[in-house]
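Peer 1: For the working numbering, count along the sequence shown from 1 and bump the result up by 226.
None of these hints come from the bench; they were simulated from the model. Hints may contain errors.
Unchecked claim - With a straight-line Cα cutoff of 16 Å, these simulated EDC-like cross-link-like pairs (lysine to aspartate or glutamate) come out: (1) K268 <-> E296; (2) K529 <-> E476; (3) K267 <-> E424; (4) K499 <-> E515; (5) K268 <-> E293; (6) K529 <-> E494.
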Amino acid sequence: MLSRIAGNLFWMGRYLERTEHISRFSQAHYFFSIDAPKSVKKEHILESVLNMAGSYVEYLGSGNKMETMEVAYYIGLNEFNASSIKHSIVKARENARGAKDSISSELWQSINTFYHSINLMDRATFNEMGIYEFSKNVLQNSSVIKGNIDNTLLHEEAWSIIHLGQHIERTTQVIRMIVTKINDINRIPKKEYYNMIELFENVNLLKSTEAYDMSKIFYREVPSVSHSLEFLTLNRNFPKSIVYNLRHIEHCLLRITNLSKHETNSLEFYASKLLCTVKYTSIQDIEKEPLAFYNDLLNKVAKLADMLETKYLQY
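Start from the sequences, fold in the hints, and give me the full structure.
Peer 2: What follows is the structure, given as structure tokens:
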């Protein structure tokens with residue numbers, strides 16, 4: 227496959243995955259702003275959304291007000307914000323169009339439909355629709371597209387490259403959510419309501435990653451922060467966990483390269499080494515310095531993506 231086509235498929239997968247995670251995180255925080263204790267400032271919740279999306283500095287620099295609908299529009303539809311949902315959808319469609327001969331008509335149509343549903347939406351329509359309905363529309367379209375990726379494509383090279391992009395992006399977004407929530411918890415005043423707010427922040431993290439129900443089943447109770455970090459990092463059977471996605475990154479690379487052995491400085495070796503490093507880490511090790519652990523992991527995943535682009539996607 228040409229590097230240009232492979233790059234289109236890879237970035238299509240990344241942008242589609244990014245759209246879904248930012249939308250779900252925003253939706254969960256919208257409900258959090260409604261249900262949260264009065265001691266939680268709404269500004270902190272909005273800052274959390276902006277931090278997770280990587281838009282906090284740019285948002286403040288634009289002179290925008292820290293208000294719910296202003297932040298929601300900036301994250302959702304602001305075409306000048308490179309971290310917005312609209313920007314990701316536009317980029318996903320551009321990349322899908324560049325690889326149109328390598329994907330099914332059903333997949334192209336679902337991406338194109340998604341694009342037009344967002345591109346035609348103006349500020350007034352967004353305000354009338356509200357955050358919940360907007361996020362619901364995004365998540366429903368994302369679900370249809372994922373179904374078409376898995377059910378209308380040959381599970382060969384193109385499919386593996388799309389999934390490689392999805393798993394790298396999912397790993398990145400889950401780590402960003404975890405880092406954001408650790409920072410949010412660390413800023414809670416150590417007062418009588420600390421435990422209650424910590425619980426709200428923890429539940430919000432789990433719901434943002436669709437892990438709340440499965441983590442309760444796994445631990446047979448509402449998970450603690452420690453359990454949540456363990457579940458989202460080390461659980462080998464949960465599709466949003468870091469280990470699960472690193473394992474699938476390794477698997478996709480093996481399918482693409484068809485090699486059983488790799489040089490010690492190769493991309494494939496680096497991916498396998500990263501998987502083993504995380505897989506054999508304990509939650510006790512992570513909790514010693516959680517922010518240092520996750521920030522380091524985020525940098526290593528970014529390095530993995532850069533190595534992939536250099537080896538297979540540059541043209």
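Peer 1: Now, for every hint given, state plainly whether the structure supports it.
Peer 2: Hint-by-hint comparison with the structure:
| no. | hint | in the structure |
| --- | --- | --- |
| 1 | K268 <-> E296 | holds (13 Å) |
| 2 | K529 <-> E476 | holds (15 Å) |
| 3 | K267 <-> E424 | holds (14 Å) |
| 4 | K499 <-> E515 | violated (21 Å) |
| 5 | K268 <-> E293 | holds (8 Å) |
| 6 | K529 <-> E494 | holds (12 Å) |
Figure legend: structure checked against the earlier numbered hints; the only hint not met is number 4.
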